[in-house]
Structure formats: C-alpha cells, structure tokens
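Chemist: Each chain, letter by letter, is given below.
2 protein chains.
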Amino acid sequence: MSKCAKHIRSTISQINKYVPGKSIEEVGAQYGCSPANILKLGSNENQLGPSKKAIEAIKYISKSVHLYPDIDSTLLENELSEYTGLPVNNLVVSGCGMDGVIDTLMRLFMREGKKGIISTPTFSYYNIAILANGGTPVFIPRRDDFSIKVNHIIEAAVDASIIFLCSPNNPTGNQIPEKDLRRIVESVDSVVFLDEAYVEFADANFIHLVREYDNLIVGRTFSKAFGLAGLRLGYAAMPEEIQREYRKVATPFSVSKVAEYAGVAALRDTEHLKKSIGMVKKGRLQLSEQLNLKTYQTEANFILTNTYPYLASDVAVKLLKDGIIIRDCTSFGGAGKYLVRITIGTEEQNQAVINALNEIV
Amino acid sequence: MSKCAKHIRSTISQINKYVPGKSIEEVGAQYGCSPANILKLGSNENQLGPSKKAIEAIKYISKSVHLYPDIDSTLLENELSEYTGLPVNNLVVSGCGMDGVIDTLMRLFMREGKKGIISTPTFSYYNIAILANGGTPVFIPRRDDFSIKVNHIIEAAVDASIIFLCSPNNPTGNQIPEKDLRRIVESVDSVVFLDEAYVEFADANFIHLVREYDNLIVGRTFSKAFGLAGLRLGYAAMPEEIQREYRKVATPFSVSKVAEYAGVAALRDTEHLKKSIGMVKKGRLQLSEQLNLKTYQTEANFILTNTYPYLASDVAVKLLKDGIIIRDCTSFGGAGKYLVRITIGTEEQNQAVINALNEIV
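The listed protein sequences correspond, in order, to chains D and S. Every letter in the first sequence is one number past the one before it in the UniProt record's numbering, and letter 29, counting from 1, is 29. Every letter in the second sequence is one number past the one before it in the UniProt record's numbering, and letter 234, counting from 1, is 234.
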C-alpha cells in the first residue's frame, strides 16, 4: 500500500463516480451527429439559453477577472435577499452550484459514525457527499407514486445528523406536501436539507420556513430556471446561527466575479425567467398528453417517463442515434430499469422527442 | 442549544474567519478615495490585468453558460498537461482556486484525531481547512530567516496525515530547497502538499517530483501569474492513484465553462505570462533597493517588508489614507506585528508605494 493510500478514508471506496447527463461533444463523437443537430434534453438546462442581460454582465466584467471577487458576494446576496424575501443573514452563496453548498454543510455536520437519510430515487450527489465525508447513507425508498415515507424517515432519523429531501424531486418531479415537510422538521433532531433546485417551475416553495425552524436549510441553484448551469452558482437559506458557522468553513471567494455579476443580472431579468417558466409549464402538458408512454405528474422542468417493457438504457441509446439526449435513470439508486427523464424544451424540441419516442414504443 | 448546533463539529469553534486583503470598494468607502485612484497591492493579483486572449475567450463562451461545463474539463486538462509536462492522469482542476483543491484533499485525508503540520508564518487557509474537517493543526515556527525546520517537521509528522508546505512561501517569499523537500517527502509517511501558487515567479519548481514519490501533491493557481483571480481556477498534480480517489470526492462540474475557456487561453498566451514575470522580477529589485526598510529575499510577486519600530497595522492604515492597499501580516499566525507584504506592480506603482512608505518611516 502506498503512503497516501493508507490515509484515505475507508468510506470513499464505496463511492461510484458521479454520472452526469451526456454532453453534445460526447454524443457527436460517438454517433457521428453534427453538434448543431443534437438536442440536449438530459441535464435539465434552460432550453431558452441564458438571459441576455446575464451575457452582457459577463462581457462587462471580463476585463476585471484579474482581481479577486468580493469575498462576501454582497451584490449577489442583496439581490437574493430581495428575490427570496429573506435577510442576508439567512443566506449563503456558493461557486460550485448547490453541490458546493452541500459540500460545505458536510464539513459542518458529517463525519465518521454519522448518518445521512436519503429518500430514493433522488439526486445522486447526496450519497456521494455523505460517503466522501466519512458518513453512512441510509436509504428509505419512496412509495410507488414517489411520495416519501414520512414515518420511516422520522424513525430512521433518531441518530442521523442530516436528512436530504428534494422538492420537486429529481428525477421524479413531485413535490413534498408542506405538512409532510413540517412534520419531519418538527419531529427530528437532525438537520433537514431541502433541495429546491427546480422550485421556480413549481406552485409552492418552502424557503420562508427557514425563519420558523432552527434545523431547516433550503438549497437553490442558478443552473435551471436562471439558465446559468455553466457558471456553477448556488445558494442556500438557513437559520442565522448556522449561517455564521457555514461562513467559517466555506471556501473563501468561492463565487467568481463572473458568476456574481451574471447571477445578479439573471435575478433582475424577470422577463426571461417568466418566459422560461411559461415554456416549461406548456411543454409539460404537451409531453404528458402526446407521449404514448406512462408519464408522472411533474412540477419541474423535466418529465419522468416509464418505458416498460423497453429498457430505459435501450430507449436512451436509440434516441441518441437520432441525436436526442435524454436521461436514462438506471444510475439513480432505486429507480429501476424502466425510467427515463426528459428535459422540457421548446414546443418544437418537445415534438421531436415525442415523435422519436412514440416511434420506438 | 438549537437542534443544528449540536451536530456541528467541535473543532469549528476554533476557526477564525479567513481574513482577505482589502478590496477597492471597501477602502473607497472607508477613506473616501475614488476607486480609480486606489492602488491595490494587498492581494498579489497581476497588476497587468488578465490576458487579452482570456478576456476574448470569456466573451466567446458567455452565450453558452446555460449548458453544464465538461465534467472532466478535458480542454483545460490537456492544456495543463502540455504546460506542466505531466500526463493528465496526474492532474486535477478545481473551480474554487487552489483552496478548492485543499478542500477536496481534506475529504480524502483529514478527520477527527488526525494532524496536519503547518510551518508558520504561512498562508492561513491550511489551518482553517484542517479545523473545518475535524483535524488538529500542529504549528512548527520557521527560523528567523523564514527557512523551515526540516527535522522538527519530520519529528512532528510521525502521526500526521498531511504536511503543508508553501514554496515560494506566502507571505515570506522564500523557496524551499529541493534537498529539504525531498528529505521531508522521503522521511515521512504523511501526504505532503506543496503549494506552488507563486512558482511562475521563482527560479525552481518541483511539480515533476509527483512522478517520483507516492506521497507528494503539488497545488497551483491561475490567480497570480495568469491573472485570473476573479475566476477562481486552480489545479494540482499528484500520483495517479490519488488522482483517481480525488475525482470520486471532488465536487462535480466545479470548473465553470468560463473558467475553463479563460484558463486555456491564459495558458496559451505565453507573451502575457512572460511580460508579467518580467515586470515582477524588475519590480522586486526596485522595491528592495529603494525602500528604506528591511526587505526579505523573495521569489514571488510580492515582497515582505519589516516596518519595525512602526507597527505593521499602523503603517498599513497610513498607506490606506494615500489610497494604497498593502497587506498587514499581523493576521498571519506567527508573523508578529512588524511585517507587511507588498504586491509587485508596474514601475510607476512600485514608485508610488516606495515614496509613501519612505515618507512614513
């Protein structure tokens, strides 16, 4: 054994590397499609592109990137305070998307002998983050309709330091009812992390509840509705007391100058946001009505689809040959082999994926 | 005690929040100077600004920031492979500067009951990173000439998981002799992390040694010679075996699309790099010859200066009133109260700081 190897945490051997959605370059090279003809509907990006105001902000600040950013991202935090209605003392920002928020929370709350609760199927990074910090993930499978098992979660949480919830949930699209969320937060002694990455596309959001409880943290991202996935910008709301500790362990200057300025511009471009949300709400209906496959009710910018009796992996590969990238959910723990996730796009993009999928089944 | 508070690691209470150099906005507001007249020589940024090619790259990619970046940063890693002469299997990149590399390494190597060795005075983030991950920092003070105590480090390392070294060292500017580095790496069972943030300004670098040892990791940054501090881009070289584990626990997509493209452009703009290094080498002579204060031999883009019998904090504040930001080193553990660190700038900038400092003393 090498000198380094014996210092590595033992839990890390259990980690399977994060599986991202496929990229245009990858598919272009593998299937010989021209990049311009590839439809990328596997990573839940904003199909309208970034806000034009965000692009302008990036160009404006590009000449100053030799200077360190503001360590407190004051401009962005003030704008987020306006957007969320929360004081800045309840907010933090992160330069590695919401994953960066999760990493920093793990430094506060996770270590050897500590448990983290995960309701599967869900976003796979929670599991990686727990293991990377020495903890033990505990999986509570969802019901057949993908609702969470509130009582099971509460029972399992007796000696857990954190519970991960996701609403709307990735990859299923359903929200947690407010009464279920409140019951968990009130019943447990653990920290509850609620991932609201897709909340702009949903009817309800729970970020204001961080002012009511001392153990609720809500994570958000600029990667979905705000169309800035390429800049890696996330934020979270939490009780003031945790925010103070969070800032002590957060990576200094994690938010780049470019991300801060683009984030502020994207928050101010309410027109682009409204247009993006409108497109998604129309597109969800289009896909659920016209696909000849079982789809699930969704409040996100994607729709989960059951491909049974066809294997999700086969269906995804067939679509790749048509230049359409969707997400085979087989790598999501607990999702089984018959689920694919399709990002909602423009009417025309949706029609293309409907035609291609209906052709296959 | 709140529900959250009892899950927080106990070592975190020992952390003093990271102290950054002062920003132009802060000084402008506090001392009523116009931002355009402020000389920012406290954060070791590139006073020539970013490479024009990097600015062009940022503008070019700005329209695509709605798409996730390449998870493996292939373009950037290939370019770094060319620049360092190392295979990509020895390299990792990070979207939170070199601090992001350190955070990820802490997930691999640091936890409760583990020690990290630090030779003070040095960069303050090593201490924060160890404590944030539950470990115990062990401080070995440098000699009066700021050379490290090799034997003391080796003795202290018996049960340490990591040793932090910095060459050229921040804030002192001196390099570690190769034989000292080799002796430490060969004598200990710990991981040795060598911070080469300022190495482009020095005569020697040790990154190729990662191919010789199984316990040496070398960290680098784009924030100094490459002029991209605002983009938060770092990288590291390490044995292939560690690189595989690193990738499992690294935050996915940590390098933004903008940082990747700008980083590639900056690496290719060898003219700008040469010009920046040339300016620094000339400026070091200018400052050491003309300052009426004791300065220390430096291989970095800053120069450490002894202000005795004047307190460093007083000297720094007096310069702020002239609109000149330098770094009072009092917050660096073990630096005492009489050291300031001055970033090397253009001939004109250096002259301004020389005049202002000589006036004071």
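Fair warning: there could be bad hints in the mix.
In this list, chains with the same sequence are indistinguishable; a pair is considered to hold if it fits within one copy or across any two.
Okay, derived cross-link-like pairs now, SDA-like style, lysine to any residue, Cα gap no bigger than 25 Å in a straight line [unchecked claim]:
(1) 6 - 113
(2) 274 - 205
(3) 294 - 278
(4) 63 - 37
(5) 6 - 60
(6) 63 - 352
(7) 59 - 32
(8) 115 - 11
(9) 53 - 177
(10) 6 - 87
(11) 281 - 64
(12) 294 - 60
(13) 53 - 144
(14) 52 - 212
(15) 274 - 356
(16) 114 - 10
(17) 318 - 277
Keep in mind that the hints were calculated from the coordinates and are not lab data.
Chemist: If a hint holds in the structure, say so; if it doesn't, say that too.
Modeler: Checked hints:
| no. | hint | result |
| --- | --- | --- |
| 1 | 6 - 113 | both (19 Å within a copy, 15 Å between copies) |
| 2 | 274 - 205 | within (16 Å within a copy, 52 Å between copies) |
| 3 | 294 - 278 | within (23 Å within a copy, 66 Å between copies) |
| 4 | 63 - 37 | between (33 Å within a copy, 18 Å between copies) |
| 5 | 6 - 60 | neither (48 Å within a copy, 45 Å between copies) |
| 6 | 63 - 352 | between (41 Å within a copy, 24 Å between copies) |
| 7 | 59 - 32 | neither (33 Å within a copy, 29 Å between copies) |
| 8 | 115 - 11 | both (12 Å within a copy, 19 Å between copies) |
| 9 | 53 - 177 | neither (35 Å within a copy, 51 Å between copies) |
| 10 | 6 - 87 | between (45 Å within a copy, 24 Å between copies) |
| 11 | 281 - 64 | between (39 Å within a copy, 23 Å between copies) |
| 12 | 294 - 60 | neither (47 Å within a copy, 41 Å between copies) |
| 13 | 53 - 144 | neither (43 Å within a copy, 54 Å between copies) |
| 14 | 52 - 212 | neither (37 Å within a copy, 49 Å between copies) |
| 15 | 274 - 356 | neither (29 Å within a copy, 54 Å between copies) |
| 16 | 114 - 10 | both (14 Å within a copy, 14 Å between copies) |
| 17 | 318 - 277 | neither (29 Å within a copy, 53 Å between copies) |
Hint compliance for this structure: hints 5, 7, 9, 12, 13, 14, 15 and 17 are broken, all remaining hints hold.
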